[in-house]
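Trainee: Here are the chains, one letter per residue:
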Amino acid sequence: MFRFKLKGYYRIIAVVLLLVFLLNLGYFESVKTFVRAGLNPALQAVYGASGRVRDFFSGNKDSAELSSENDRLKEEASRLTAENARLQTLEEENEILRKLIDFSSKNSFVLKPANVLIENYSNASYSDVIIDKGSQDGIRDGFLAVNSAGLVVGKISNVKENISRVELATSEKCKIAATIQNEARTTGITYGELGLTVTMDFIPLTELVEEGDLAVTSGLEPGIPRGITIGRVVKVEKSNNDLWQKAIIEPMVNYSNLSIISVILGKTN
Amino acid sequence: MAIKITINIVLIAALVIVQLAFVGNLPYPASSLKLVLIALLYILVLVSLKSSLWWAIGSGALADIYAMDFFGTSILQLLVIVMIMHLLLVKYFTDRSIYTFIALASIALLTQDAVRGLAGFAGGLIYGSPPDLSFEFFIYEGYALLVNLAVVAILFYFVNYITVRFKPVFLIRKQK
Chain A
17 MFRFKLKGYY RIIAVVLLLV FLLNLGYFES VKTFVRAGLN PALQAVYGAS GRVRDFFSGN
77 KDSAELSSEN DRLKEEASRL TAENARLQTL EEENEILRKL IDFSSKNSFV LKPANVLIEN
137 YSNASYSDVI IDKGSQDGIR DGFLAVNSAG LVVGKISNVK ENISRVELAT SEKCKIAATI
197 QNEARTTGIT YGELGLTVTM DFIPLTELVE EGDLAVTSGL EPGIPRGITI GRVVKVEKSN
257 NDLWQKAIIE PMVNYSNLSI ISVILGKTN
Chain B
2 MAIKITINIV LIAALVIVQL AFVGNLPYPA SSLKLVLIAL LYILVLVSLK SSLWWAIGSG
62 ALADIYAMDF FGTSILQLLV IVMIMHLLLV KYFTDRSIYT FIALASIALL TQDAVRGLAG
122 FAGGLIYGSP PDLSFEFFIY EGYALLVNLA VVAILFYFVN YITVRFKPVF LIRKQK
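Same order as they appear, the protein sequences are chains A and B.
Residues in the first sequence are numbered from 17 upward in steps of one, following my numbering.
Residues in the second sequence are numbered from 2 upward in steps of one, following my numbering.
There could be a bad hint or two in this list.
What the hints assert, rightly or not - Short, incomplete list of chain B residues facing chain A, as computed with Cβ under 8 Å: (1) Ile4; (2) Gly25; (3) Leu27; (4) Pro30; (5) Leu34; (6) Phe71.
Unchecked claim - Under the rule of at most 20 Å between Cα atoms (straight-line distance), these lysine to aspartate or glutamate pairs were calculated in the DMTMM-like manner: (7) A:Lys115 with A:Glu85; (8) A:Lys191 with B:Asp114; (9) A:Lys189 with B:Asp96; (10) A:Lys176 with B:Asp70; (11) A:Lys48 with B:Asp70; (12) A:Lys48 with A:Glu188; (13) A:Lys191 with A:Glu85; (14) A:Lys262 with A:Glu226.
Bear in mind the hints are in silico, worked out from the structure with no lab data behind them.
A virtual CB, placed ideally from N, CA and C, is assigned to each residue, including glycine.
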């Protein structure tokens, strides 16, 4: 019975498989770009709405600040109208962009601001985000993404015409050449762990790394300038039998609150 | 017919946008909701296998447009899940009770996790990182399953309230 019922669907499935094959060969890429161009604004709007929902719930979870937060929110709620809320959102975006321009001009970086469309596409906790800028905006694999304060968010790991994937610094797939700002200027490669922290491994025992030291990009990778802050060392793991020590770095970016990020395209001449 | 297709395309797009941009950004465990899978299950039982397959193709294609590595993973995954659910529905779960829905949803979710797990394992081999099989991982997956099943159950009672489709039909022999 089941076999008989499926007979009529063989053709559909065969056509789908053929389309999947052709699409992976690169055909119809313009169709995908066109569909994405149509969907991106909707995704951006829905992502923004979900951020507000999450902020609402996460605010309620913090019982220690609940009372004062509640008072403040009550006061705000009575004062703000819907129009004010809309203007506030615009103002926040403006502030982020202003900070980005400030960061860009101070460091002579060419930045490409981008909206976050999808968080967590690969289904692992906080490991990647999809942004609405791609190769047509000058973004390439391996470029660095930063937030409005100029802190490392992650690295571009895959680029399409009008979208890109940013592998967050806390993802194990994100490897960044870094320097710890200690006396020895320890250099190494950082990688993410469990979507929570960043680790720098294989540090010689002779080099003194302390809690509180800053980890920054070393500039030893093409396309990534040096001196961009990744995070702060919170723990150093070593034992006498080991040849190496390991630094656990806490990122300074709040990954649960990403809406606009910026990709460093290079330095201005 | 054209209107029906357009409505379906708009609904599929809306569902995928909500799944990708809204649900994924919610606090855990709400972020583990699989709205597309739940929708496919209800379409399969309430409408038809054909509709469910088209929805699987449509929603899978839209999700795959944002997949950066390989186009077709979501389509194939959803097609396989719909086929498995259909097979179980016609062969084993012949009624439309809440137990059927819970069982089918559980199998669909576990199948998706298994496929993703295998893909992750393959990716781990490429990137040299071992798969995450820690206790926390299974706790995470358990909570995700519970959240999805709770939604399936709530939807079941809601649909049961507004329609008679799930209610058993008794054939009464006419007395001669």
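Trainee: Against the structure shown, which of the earlier numbered hints fail to hold, in ascending order?
Mentor: 1, 4, 5, 7, 8, 9, 12 and 13
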